[in-house]
Every structure is written in structure tokens, then in C-alpha cells.
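Chains as they are written, first to last, in this note's numbering: chain A, 23 to 220; chain B, 160 to 640; chain C, 14 to 354.
Since the hints were derived computationally from the structure, they do not count as laboratory data.
We put the CB at the ideal spot given by N, CA and C, even for glycine.
Take the hints with a grain of salt, since some may be wrong.
As the list claims (entries may be wrong) - Listed next, the in silico DSSO-like pairs over lysine-lysine satisfying Cα-Cα at most 27 Å (straight line): (1) B:Lys563 / B:Lys511; (2) C:Lys150 / C:Lys87; (3) B:Lys589 / B:Lys311; (4) C:Lys76 / C:Lys48; (5) B:Lys599 / A:Lys207; (6) C:Lys80 / C:Lys48; (7) B:Lys563 / A:Lys207; (8) B:Lys517 / B:Lys599; (9) B:Lys522 / B:Lys320; (10) C:Lys76 / A:Lys26; (11) B:Lys563 / B:Lys522; (12) A:Lys207 / B:Lys589.
Claimed, not checked - Covered by chain B, per the in silico footprint, the following chain A stretches (three or more residues, Cβ under 8 Å): (13) 119 to 129; (14) 162 to 175.
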Amino acid sequence: MIEKLIFYVFAALLIGSATMVIVSRQSVRAAFFLIVAFCASAVLWMLLSAEFLALLLIFVYVGAVMTLFMFVVMMLNLDQESLQEKFVRYLPFAVLLVALMVGVLVYAMKPGHLGELGLAISPHPSADYSNTKALGLLLYTHYVYAFELAAVILLIAIVAAIGLTHREKSRNKRQRIDAQLAATKADRLQILQLEAEK
Amino acid sequence: MNFTPPDFFPAILEMLTLGMTCLVMLVYLFLDQKNRGITYFLTQITLLGTAVVAISLHGSPEVITFDGSFILNSQAILLKIFILLSVSFVLMYSRTYIRENDILHGEFYLLVLFSVLGMEVLVSAYSFLTLYLGLEIFSLPLYALIALKGNKPVCQEAAIKYFIMGAIASGFLLYGISLIYGACQSFNIHEIISMMSLSIHTEPLLLTLGLVFMSAGALFKLGIAPFHMWVPDVYEGSPNAMTLLIATAPKLAGFALLTHILVEALPVLFPQWQYLLIAVALLSMAVGNIIAIVQDNIKRMLAYSSIANMGYMLLGLIAGTPRGYGAALFYMIIYVVMSLGAFGVITMLSRKGFELEKVDDFKGLNTRNPWLAFMMLLILFSMAGVPPSAGFFAKVGVLEALVKVNIVWLPAVALVFAIIGAYYYLRVVKVMYFDEPLEKTPVILESFDTQLAISINGLAVFFLGLFPTTLIELCQQAFLA
Amino acid sequence: MIDLLIALVWIVLKILLIALPLLGAVAYMTLAERKILAYAHVRIGPNRVGFAGLLQPLADGLKLFFKEIIIPSKANPVVFVLAPIVSFATAAAAWAVIPFDEGWVLANVNAGLLYVLALTSLGVYGILMAGWSSNSKYALFGAMRSAAQVVSYEIAMGFALVGVLMAADSTNLQDIVLRQQGGLWHWYWLPLLPLFVVYWISGVAETNRAPFDMAEGEAEIVAGFHVEYSGMSFAIFFLAEYANMILISALASVLFLGGWLSPFEGIPVLGSLFSFVPGIIWFFAKMAFFLFLYVWLRATLPRYRYDQIMYLGWKVLIPVTIVWIVVTGLLIEWRVAPWFI
Chain A
23 MIEKLIFYVF
33 AALLIGSATM
43 VIVSRQSVRA
53 AFFLIVAFCA
63 SAVLWMLLSA
73 EFLALLLIFV
83 YVGAVMTLFM
93 FVVMMLNLDQ
103 ESLQEKFVRY
113 LPFAVLLVAL
123 MVGVLVYAMK
133 PGHLGELGLA
143 ISPHPSADYS
153 NTKALGLLLY
163 THYVYAFELA
173 AVILLIAIVA
183 AIGLTHREKS
193 RNKRQRIDAQ
203 LAATKADRLQ
213 ILQLEAEK
Chain B
160 MNFTPPDFFP
170 AILEMLTLGM
180 TCLVMLVYLF
190 LDQKNRGITY
200 FLTQITLLGT
210 AVVAISLHGS
220 PEVITFDGSF
230 ILNSQAILLK
240 IFILLSVSFV
250 LMYSRTYIRE
260 NDILHGEFYL
270 LVLFSVLGME
280 VLVSAYSFLT
290 LYLGLEIFSL
300 PLYALIALKG
310 NKPVCQEAAI
320 KYFIMGAIAS
330 GFLLYGISLI
340 YGACQSFNIH
350 EIISMMSLSI
360 HTEPLLLTLG
370 LVFMSAGALF
380 KLGIAPFHMW
390 VPDVYEGSPN
400 AMTLLIATAP
410 KLAGFALLTH
420 ILVEALPVLF
430 PQWQYLLIAV
440 ALLSMAVGNI
450 IAIVQDNIKR
460 MLAYSSIANM
470 GYMLLGLIAG
480 TPRGYGAALF
490 YMIIYVVMSL
500 GAFGVITMLS
510 RKGFELEKVD
520 DFKGLNTRNP
530 WLAFMMLLIL
540 FSMAGVPPSA
550 GFFAKVGVLE
560 ALVKVNIVWL
570 PAVALVFAII
580 GAYYYLRVVK
590 VMYFDEPLEK
600 TPVILESFDT
610 QLAISINGLA
620 VFFLGLFPTT
630 LIELCQQAFL
640 A
Chain C
14 MIDLLIALVW
24 IVLKILLIAL
34 PLLGAVAYMT
44 LAERKILAYA
54 HVRIGPNRVG
64 FAGLLQPLAD
74 GLKLFFKEII
84 IPSKANPVVF
94 VLAPIVSFAT
104 AAAAWAVIPF
114 DEGWVLANVN
124 AGLLYVLALT
134 SLGVYGILMA
144 GWSSNSKYAL
154 FGAMRSAAQV
164 VSYEIAMGFA
174 LVGVLMAADS
184 TNLQDIVLRQ
194 QGGLWHWYWL
204 PLLPLFVVYW
214 ISGVAETNRA
224 PFDMAEGEAE
234 IVAGFHVEYS
244 GMSFAIFFLA
254 EYANMILISA
264 LASVLFLGGW
274 LSPFEGIPVL
284 GSLFSFVPGI
294 IWFFAKMAFF
304 LFLYVWLRAT
314 LPRYRYDQIM
324 YLGWKVLIPV
334 TIVWIVVTGL
344 LIEWRVAPWF
354 I
């Protein structure tokens, strides 16, 4: 009973905050709602006794990724008026597209599948069952190739981020010889024909 | 839990590339500023060495390893060989450009190597999970590479555009994968095939939707109309060396992505995707060939030409026979060789502070460097499909495959578009040979390897036209097993 | 239904049993800090209110309680009020899994270590929210600095905990303590010494305490993220900071100093001599040691510069932890006695 109650409360919270992420016009507020959405989904995972994933979601996404995200968003000063304008301009098209997509998807997935009957409820694991251990065993054996590849993606992200941000300081007062040599008379000298004062 | 270590040997190419990439990274970090040219040579050694290993692997029997998420067959090996060789040529062409334009070359070579690794992974993927990971590994470095050149707003705009479009493509692909997973309960292509015959009756619509989303993702990556909007902008905005890179090897990887999805995983849905591809191919050929005519910017023109060429390549897949798939692969390889040459010449003609962009910049190239002009001539003739060039046989191959399965109207339409397309290629030839040059100074290529590379490239187009049978047979074999 | 109610009341009682002493500890921690700092400066410290200044925290509390809470104009009132609450709630909630003695724990969850890590990583939101909603430059700067610092040191801290996790082969805090049985030399501080040091340094950084207190940086940015706060809302930030310090100390004791275990276990005479001391006393003694370290550091070291903090975090602590994780793996693989048998 209590589990069901928790589920419905947090599912509602998740959907509500996810909606607010898209709807809110202030980017910081949207980010805050995203955090709420993450926390709510972590609780839902907890109900599935996937405690490792749930805590990792909070630790990695809420604790680290979103912190950096907020860092950037707080610095931004978006022009909200112009954003709203464009939002409304494409609205009919977007609504049409979304309605079409949702319609087709609902039809394809057959609402019958979404009921509780379609879900195979996994039995509650025993007390000494460790979610972390099971996940580790699977990751390092069955999915070892994919796991290593995911690590490579992180390495690429590091190299790319450093490559993009590590630029020579533009503020230092070094002599730029090539610019000096390439300069022509036209760059520096302007001959004006001035009317003589009478 | 019993665990037998998987067979690592089939992944030797990926392991070699990754190991050497890490070595290049360390060497680059600990080298003096002066000796940093070594990274270039190490990179070339990596690419060519891996290519040699790949060639030696060719002909070995098909292996599936890592619990069915990795496959090594003749198709994968063939694609890997050409990916490695084409990237090696890309680096030869762009070496001077990189040095002159103050691009952080260590990062450049590293990201290129990572991208190559991603392409290899993608080509060998046998499960949707590795397919997606490969796609990301090969695209992420490309986004960064475009923005690597200083603070140019144009480059950054191109990079952002490419990145966002790539993200949308990934989103489409992932969504499609999730739908197919819902119907088949597996990521492994092998298991999907076996589940498919069952679920096609219970979940036909779900599978079709998954197919549409997944192929939309792949078409996005290949830049096929109606998902082509980004191609001209990104080609135009990127520095020439990066355009050269993204216009060549990634096309081969994109081809692998498309064939993994359509030919290998979802052959049961052939009737559905045939119609999809027919519409898309027609649109691509029309958009590419017609809009290319009005372009003054050579990079934009070649971008539209690439859209059209991707349309032609799809014709081979539409045929739905191993012969057709082989023809499509052959078309793709020939296209990559041609576009390597064309963008290679563009990159070589760019100098510090001068990006060759306009068609008019080619004016009188014949008087400035006759050999380079001649190579460009061979490549452009081949692109236009003039017999007996390689481009001609590539086009004949895909059209023939269609005729073999009694689709005649499509090849006829394709021919009309090919004739329209010939105009803008030949215009460049005319500009090179019959117009007065804007600049009289002769073009001198500094390094020997660049000269050698463009000669090999131009002549390859010519000789593949004269003796196409070996390569065609290799491509056919890749799909027969 | 009655059973459920009784269980509920029991849980609330247990929570109060942890929370009230925690508040008391926070109050007297402030006094202890001022006293220790004073002695470090060769002063006497607060000595007027009550006997030897013992009622000083109460007086401070009353003062803050009766002050006006000011919400700046153009601040975001909802977030502004929520920020201190978030700060304190995360600091308090982590206490649910801390074992005070064998079986003395509110929630004996399997993933206790991860739970603590997740909740401490949430603490930064209180600071971020405060900095942003105050609509003040100094507050925003303080929040930015703190966010960057916390995220950087969280990595080193997480890695240090990975070492503990490997050694104990469990993420349950009670199990981790029980694995360290056997006296001073069996605790994990010895085989995991580099990780212990890294954990402690990043713990100090995570709580934004001196010498890593640039989020406050009263010389440069007045008081950082809580510059606009007053009265009780400020007091709650204060509470959260001290609750976090006590939490980090408790965790350090649990993970590296054997929690409630006696240091003399297994030593012939001393072991039996001290066997009457209850575990919780040992636990509090270890916590007190770490809390003293906090104040000692504050009295001794000048504040780090921003780039120095980043350098230390990324280029010193993280590589050290990575290397030592490998070493720990080897130690476990070779079954080095007496820790990994």
C-alpha cells in the first residue's frame, strides 16, 4: 500500500517537474525542475530495488552534472522576450507534429500493453542481494566491450574540451610579425581631401 | 558466475588504433614544441600499420565475439581498409594546412585517430549498443575538430550546427532502437533477426516505427534529403581540412550504419524500407543536382553533389539483392576516393589566411599548376560519370542492379538527374582550363608526400575506371557471405 | 494499522534521538571552535556567559532567533527561503545511515556509502540556490566558487571511497566497520593511508572550511553565498555547515578508524582493561579528534587561492587516489595480511 502511494506521488512529481522543465521560461528555473525530476526518478528506481542506479543518478547527475550546468545557466542572461516570440511563432506547427507523433506512437504501442498486466513484476530480491555487485558482474563480463567504448567516449570528451578551450592567451602583448609584414599602405594611411577653410 | 573471457583477437584493429592513440597522446604531451612533427608521423604509422593488419586479415572467416556485439567479416574488413587509407590521405593533404593555420596539431591528430576508432567500431558493430557507441565515438571528435581553428565565428557556427544535427540524429536513432528493443527484447542483431520473424506478426507497426526512426538517424548522418540541411552549411563553414575529413571517411561509416540497420538487422522489413528509400533517394538526387547548379562556392557545390551521390548510392540498396548492396558499397568507395581528391585539391590550394572557397578561385589553374589541374580534371570527370572513369562504372553498377530486379523507371529518372549534374562538374573544368587566372603565381606543392598522394588519388580514379572488376568483385563478395 | 503507527512513532523517536544531540553538538562545536582558536591565538575566548562561557551558544542562538529575516528586493523569495532548508536537510538526512555502535543505526541500508555520497553531493545546491536567488554579485560569486570547488573535490572523495569499498567488499557502513575488527593496526587508515589523507582533505574542501573557504572569502567577497541572509535563515546555514563538518568527521571515523571499535582490541593487557568502555564513546572520541583537526587547520593555514585549490584537487589528489586504487587492488589480490585475508 505504502509503496503504491510513494509510487504515485513521485510519478506525479516526476511528470509535473518534467513538464515544468519544458514550460518554464527562465532557464535557471527549468534547471531546478530538472533536478527535481532527477530526484523523483531516483525514488522510482529505488522502488524497483535498483538502489545503486538510483543513488548514482543523484550522485552523478544531480550532484555533479547539474551543478556544472547550473554554473553555466546562472551566467547566461538570455533575452527572454525574443525567445518567447519564436516559441509562439512555431507553436501551431509544433503542436501538429507532436499530436501526430503521439497519436501514431500510442496506436503502435497499443494502450493494452501499458496496463499492469503487461508488466512482469520481478520478485523482491533477498536481503543479501547486492545490486551493485550484480551490475558490476554484468558490466565487466557481458558488456565489457561496450563498457570500454563508453570509457573512450569520456576520454574523447576530455581531449576535445581541452583542445577547444586551451587557446593562446589573446591578451598578451606579443609582437605579431606576420600581421606587421602583411600590412599595406592602405591599412594605415588615409589621405583626405579637405576643403580649405575660407 | 562462470565467465569465459571473450575472443579478443578479432578486435585487434580497434585495439591497435586505441593503443597507438594513447601513445600519440603521451608522446605529444611530453615532446618539446620543436619536435611535435613526430605526432604526424606516428599518426600516419598508426593508420597505415592498422591498414596493413586489416589487409592481412582479409579473407579470414566471419567471427562474432564479445557476446555477440562485435563482428568481423569481409565487409567490415573492406570498409575498415578504405576508412584507414582515406584518413591517411586526408592527413597527407591537410598537413601543410594544419601547420600554417596554427591549429593545435596534437589535438587535431588525436581527435582524428579517435574518430577513426569510432568508425572501426561502428563498422564492426553487431549490436545496437555498440552501433550507437561507435557512432558517438566517431562523431564527437568531428564536432570538436571543426571548432578547433581559432575563434572564427563561421567555424564555430558550423561546429554547433553539426553538433546539434548530430545530436538530433542520435536521438532519432536511440528512439528507434528503443522501439525495436520493445518489440524484440534484444539489442543484438543476431537475436533481433531470430525474434523478427515472430514479432513481425504481433508488432508490425512498432517495428515499422522503429525502422523509420532508426533509418532517419542514419540518413541524417549521411546527409540525405530531407535531412540534408546541415550538409552545405557545415561543409562551407568548416576549415578546408576539416571539410575534407568529414566529406570522406565518415561517409563509409555512415554506409555501414545504414546497412547494419537495414540489410543486417531488419531485412524482414524490406518491403517497408524499400519505399522509404525510393522516396528519399529521388528527393536527394533532385535536391542535390538541381541546387548545386546555382552554387558559386565550390564547397557548397560539392556538398550538394554529395547529397546527390548519396541518393545514387541508395539505389543499390533499393534493389534489395546482394548484387545491389555490393554495387552500393562500390559506389560509396568510389565516391569517397573522388571526394578525397576534390577536397584534397581545395585544401592544398588554401594557404595561410586564404581559404579557397569560390569556384572562381580555380580560374586558370591549368596555367598555374598543370599536373594538379589534370588530376582535378580526372576527378571531376569521374564525378560527372564520364566513361571510362570509375564514377561511370559506379553509376552503372547501381542502375544495373535495379534493372535486374525489374525496376526500370527509377534508373531512368536517375539518369536524367545525372545528366543535369554533369553540368556543374564540367563548369569547374571549364573554369580551370579556359578562364584567365586571377593570380599569375604558379602553385607549388611543398611536400613530396602531398604531391605523391594527389597523384595516386587522381590516377586511382582513372585506373579504377579502366580495371574496376577486382574492387567490384570484392564488394560483391562482402555481401554474398 | 496499530503496528504501522507504532513503527512510525518509533522511527520518529529514533530520528529525534539523532537530531537533537546533533543540534547540541553543533551548538557546542561553535563554542569549542572559538575556544580552541582563542587558545591558538593565546587568548581566552568567550568566558562571560555562564560558567566559563558555557552558555555562549545559547545566547548566540537566542540573538539570531530574534533578529529580523530580510529578503532583499528583486530576490527570488521562494528559492531564497528554500536554500538554507535544502542546505540543512541534506546535511541532516545523511545521518540516517551512520552506525554509532553495532546495530545502533537508523537505517541499515546496503548502499549506505553511496547514500552518504549522494546526499553530501546535494549539499552544494543550498549554496547555489542561495547565491543565485540573492540577486547579489558577491553571493553569486561565492556560489560559483563553491560549486566549482565541490564538484572538483567530489571526484577525489568518491575515488577515496572506492578504495574503502574495495577493501571492505561492501557498501554497508556497518559491514565496513566490522571488517576492520582487530585493533588499531587493523583499521583501514594504514593500508589506505593515501586515500585517508585525500579523503580528509577533500572532506575539508567539501564543507567549505578553512583553508578552502573561498566560497565565503570575507576579504574578497564579503561573506560569499550567505551575504544577504540574516537572523534564523543565516543561522540555518551555520547549522548546516557545522552538521556537515560533524558528518565528515563521523564518516572518516567509520571508514578509516574503525567506527565504534576499541583501538586496544587484541592487545593483551590493555584490551581487557578498556573492554568496559562502550563503543559509542570510542566513536565520539574519534569524531572529536577530527573536529579538533578542523579547527586546528583553520587556526594554522592561510586561505588558498582559487587556482591553487583547483591545482591541488585535479593534479594532486585525483592522481594519488587513482594510483592507490590500483595498489589496493593488488593488496587485495595478494591477500596482504592482516587486512585482506
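- Message: I'd like to know which numbered hints this structure contradicts. Please list them from smallest to largest.
- Response: 1, 3, 7, 9, 10, 11, 12
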